[in-house]
Amino acid sequence: MSMSKFTRRELAATLATSAVLLGRPQAQPNAQPLPANADEELKASEAQLRDGAGQLDKFPLPMSTEPATTFKP
Amino acid sequence: MPSISDDIFFAGITEINQKLTKKEFSAHELARAFCDRLEAIGPRYNALALSLRKTALRDAKDVDGDIKRERLRGPLQGIPFGAKDLLSFAKHPTTWGAQPYAGQVFDYTAGALKHIQKHGGVLTGKLAMVELAGGPSYRYASASLTGPGLNPWDTTRWSGGSSSGSAIAVAAGLVTYALGSETSGSILTPSAFCGVTGLRPTYGLVSRNGAMALSWTLDKIGPICRSAEDCGLVLEAIAGADPDDPSSAHKSFYYTPQFSRDLKDVTIGFEPADFSDGVDPAARADYAKALDTIRSLGVRLTQTKLPEFPYGPVIGAIISTEGSAVFEPLIKSGKVDQLADQHQIAGLKAGLEIPAKDYLKAMRIRSLIQEAFRDLLSTVDVLIAPTRFEPAPKITQPLDRRSADRPTPSVAGFGALIPAGNLAGLPALSIPCGFANGMPMGLQLVGSPFSENMLLAIGRTFQERTDWHQRRPPIPT
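Chains as they are written, first to last, in this note's numbering: chain A, 1 to 73; chain B, 74 to 550.
FYI, nobody ran anything at the bench for these hints, they're computed from the structure. Only a predicted model underlies this, so the values are computations on that prediction, with no experimental measurement involved. Where a beta carbon is used, it is the ideal one built from N, C-alpha and C, also for glycine. The reader is advised that the hints may include incorrect statements.
[Unchecked claim] With a cut-off of at most 30 Å between alpha-carbon atoms, the simulated DSBU-like pairs for lysine-lysine come out as follows:
1. A/K58 x B/K378
2. B/K164 x B/K408
3. B/K187 x B/K95
4. B/K362 x A/K43
5. B/K362 x B/K337
6. B/K324 x A/K72
7. B/K191 x B/K324
8. B/K422 x A/K58
9. A/K72 x B/K187
10. B/K191 x B/K127
11. A/K43 x B/K467
12. B/K187 x B/K134
13. B/K405 x B/K378
14. B/K187 x B/K141
15. B/K405 x A/K43
16. B/K337 x B/K324
17. B/K378 x B/K337
18. B/K92 x B/K134
19. B/K96 x B/K187
20. B/K324 x B/K187
21. B/K430 x B/K405
22. A/K43 x B/K430
23. B/K422 x B/K362
24. B/K405 x B/K164
25. B/K408 x B/K422
26. B/K141 x B/K95
27. B/K92 x B/K141
28. B/K422 x B/K405
29. A/K58 x B/K430
30. A/K72 x B/K430
31. B/K127 x B/K95
32. A/K58 x A/K43
33. B/K422 x A/K43
[What the hints assert, rightly or not] Non-contacting residues of chain B with respect to chain A, defined by C-beta distances greater than 12 Å in every case (computed):
34. A106
35. L223
36. F343
37. G389
38. P549
So here's chain B without its partners, still in its complex pose (with noise of 0.2 Å):
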């Protein structure tokens, strides 16, 4: 049996896809090594919520008789992924990440995995995540079931979440890519502090049945990869129309860079001042060349202002609001009092006394929050911006608090993008673009609904320019 060198773990899915058709391994081998490395590696890092291998290998051997057959089903067949544990599996257990539902099990699979084994995918793992996907509010990185969420850059310092197993997954090469979720934030976060690439795709592009819901007007599941063009690749397989599905867009996606807009005609917006004292200063070097290589890439940069509005109690108003009707057998029957943060607790049993008022003033604002970002990305195509704006912080280290060395910015800039973004519906690529003290960030760009193609686009040639999205963590073995 030949060895899988550790090389393929950290290969994209194109080249794992070629391999795998050249039969350099089968499927079987390589479904294998993945799913011992998962099993092995997984753990240290709070990862892994449950191991798929009996499945997987099942599903890897059919891939292999496929391809025996020439029977080929495009870039995903064999390739061995993860998903975050708010996604349904038929007849295994789906914790989302939440001690009440550990014993969970359904007995169908959401709607996205579904679309990925209709592509031959191999599923190896499901992967831990902030309990209920951060619910209102959380304080404590161990808000989850399986325990904080140890960055591999630095197991003393945080992944990020709500995606936390799915993020660290990627970063560590225990599976190819991931799928996780965002509802504000939750795909951005631990892409950035992982230095992984996740695409938060439009709102009801990708189908949420079979997914955890939050807040229902506002989450969708996104691939969290090593790459932009990974990102393309995944998203094509899981967009698409679900009756099933009350909010989908009813669209599909098809990755297209060879119809990839010119770059010499994309205007980008971005306000200055976040690439400078507005960031983290051990990361203002690589933010400055990150801005450089975005300029050589011949798009127009131009500085812009993000319209005024009140994002953070709009959508703190609405993730509760929703989240406390979702989760209101919970919390009526007490068992939301097993859930590991004392400040989520706290939250979900406050939402529910949110009066109607209070959540209808949010949705209205957020009707004059789509408007005013349809305007301003008819005068910019793409909003560029750092995606967190300090590294990953320590474990231990409050969540809701700000660092106490970090002064307050001159300039508001951008720093409201995340909750903006998703109050629109609007697509968000982050792309690893540099490092501070060692740890990870990343760039985020954010486009018109159903941009998702320029913004990949954005993201490949960036990549094409720089290698901090191969840059791999000290994994020791």
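Pulled out of the complex, with its shape left as it was, chain A reads as follows (with noise of 0.2 Å):
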């Protein structure tokens, strides 16, 4: 199975408009304190899933757009 193709304007129509979400290393700031303990460790790691998914969710994407993974019969 093919990806979808999009055109070149749809591409940088999509780019332009995601300019805020430009990924960066996954270091966090100092200022937040590190989890105590093992449920604030679990806490952490589910706020942080929640908030990736977030920003992967202010992210257009057209419609048409399929995930990239083959499928090989």
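Quick one: dock chain against chain with the hints and give me the complex.
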């Protein structure tokens, strides 16, 4: 299954509106204290994943874009 | 019995192989010397997971027999090497760097190791790694069954990971080369931090059969060596189609320096700020010289921007989802709590709850990333950046916290090149290019899929004009 193609205009529009979401290394600001125990670590990890998902939700994705997987029958 | 001089421990593959075929020493003598050194010095840096002395000496004797009969198998014949302990070696423990798997034994050998065995390579040991190749994330260098990888250049600093033992062993002359793996940075980072040369191949070029999976769509096996030349020789041996690897690209790799493209025809994209205020201040002078050396190769350097995508959240979602799925039995059994790093444990548990829509969204954005890099790499041949923008951190420093005294660079630059390159399945080479306060720093070259020969040509030529890759850390005997 091949990836759906989209026009260069669509790609340019997508990139222009996603400028604020540029990926950076994962380092967090030092102001946040480290979790004190396993429960806090789990909550922090869940929050980090939710935060990441929120950033992905803001990324404009053309409806025709298919996942980067290839099925080989 | 001739003694093996210290210079041999730091020599390259071709030099050692020539001495073997000229019978300056035997493969058995060589293997014994390297095993002695690996067993004596490896544990000082927490680099050794398992010595394979018995099988190494047996294989070395076979090599001597072959050489005697002039059955020559190529440059890797008789060369002692190590393998990251996520590669299975039949009937020996393969721990994945993790306590829950400390006693794990497989009855098969990983595809990449079998390839090297066919070339007469001598596996002297399994090398330490960050537990589960780093999983979704870990906070401390101590995230390993064998403890933190200690940098041979300064043992108060981390070796980098997750291929920690592989990079340490090459840097300290404990093996001539090693196999590592990378999901996002695990070959490039320890190579840069330890001052050695690491090659992340194109996704699918080297079989993952017999290697622990962390992320099916991101994992790659690759060489960590003393030079770009050696990376080329090892990649030729381990690359190739494997019907037992669903992700195999079904392509071979032939290291062909004699046919490498004229570097005057090569265009390299970069962000100048990465080599000035983007990088640690103590490294700026050596990075400036490195850029001058790159220019002196005749290539054309052009200022370029990386496509703008949320690389961090995309790769985070993919590794978390796939990694937690791989280790679902570990998590649900509760044995995940035996891991060394609390952040890793929490990340694996949280990853099981990621909704499918979030994973699929990340994979859809990944399609756009692949397309964007195809477009970018049609305008330039190679991208270049510091491998890491700071030297190796202290052992006790939380790895997910930025250094307090390092301001955020004014220009985004190529800081996301490691996750971006991995998401797009691109090959990358990290070569040593200088020091920052006594700690090695690396230069990262990234190319189009299956452009390893071009990356190696640039790396090899750079290493003909510099000697960073020949520097040796102080190893107390």
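Tested hints:
1. A/K58 x B/K378: Roughly 22 Å separates the two Cα atoms, so the pair holds.
2. B/K164 x B/K408: holds, 23 Å
3. B/K187 x B/K95: holds, 26 Å
4. B/K362 x A/K43: Violated - the C-alpha atoms of A/K43 and B/K362 are around 46 Å apart, more than 30 Å.
5. B/K362 x B/K337: holds, 19 Å
6. B/K324 x A/K72: Given that 30 Å is the threshold and the Cα spacing comes to 17 Å, the pair holds.
7. B/K191 x B/K324: This hinted pair holds, its Cα atoms lying about 18 Å apart.
8. B/K422 x A/K58: Holds - the C-alpha atoms of A/K58 and B/K422 are around 25 Å apart, at most 30 Å.
9. A/K72 x B/K187: holds, 26 Å
10. B/K191 x B/K127: Holds: B/K191 and B/K127 sit about 18 Å apart, inside 30 Å.
11. A/K43 x B/K467: holds, 27 Å
12. B/K187 x B/K134: holds, 18 Å
13. B/K405 x B/K378: violated, 43 Å
14. B/K187 x B/K141: The hint holds at about 23 Å.
15. B/K405 x A/K43: Answer holds: B/K405 to A/K43 is near 18 Å, not above 30 Å.
16. B/K337 x B/K324: Roughly 28 Å separates the two Cα atoms, so the pair holds.
17. B/K378 x B/K337: Answer holds: B/K378 to B/K337 is near 22 Å, not above 30 Å.
18. B/K92 x B/K134: holds, 16 Å
19. B/K96 x B/K187: Given that 30 Å is the threshold and the Cα spacing comes to 25 Å, the pair holds.
20. B/K324 x B/K187: holds, 17 Å
21. B/K430 x B/K405: holds, 22 Å
22. A/K43 x B/K430: Roughly 21 Å between the alpha carbons, so the hint for A/K43 and B/K430 holds.
23. B/K422 x B/K362: violated, 46 Å
24. B/K405 x B/K164: This hinted pair holds, its Cα atoms lying about 27 Å apart.
25. B/K408 x B/K422: Roughly 11 Å between the alpha carbons, so the hint for B/K408 and B/K422 holds.
26. B/K141 x B/K95: Holds: B/K141 and B/K95 sit about 10 Å apart, inside 30 Å.
27. B/K92 x B/K141: holds, 13 Å
28. B/K422 x B/K405: Holds - the C-alpha atoms of B/K405 and B/K422 are around 9 Å apart, at most 30 Å.
29. A/K58 x B/K430: Given that 30 Å is the threshold and the Cα spacing comes to 14 Å, the pair holds.
30. A/K72 x B/K430: Roughly 22 Å separates the two Cα atoms, so the pair holds.
31. B/K127 x B/K95: Holds, at roughly 25 Å.
32. A/K58 x A/K43: holds, 23 Å
33. B/K422 x A/K43: Distance ~10 Å between B/K422 and A/K43 Cα, so the pair holds.
34. A106: It holds; B/A106 is separated from chain A by about 41 Å at its closest Cβ, greater than 12 Å.
35. L223: For B/L223, whose nearest Cβ neighbour in chain A is about 22 Å away, the distance exceeds 12 Å, so it holds.
36. F343: holds, 17 Å
37. G389: Non-interface label fails for B/G389: nearest chain A Cβ at 5 Å, not farther than 12 Å.
38. P549: Correct as stated: the minimum Cβ-Cβ distance to chain A is 33 Å, above 12 Å.
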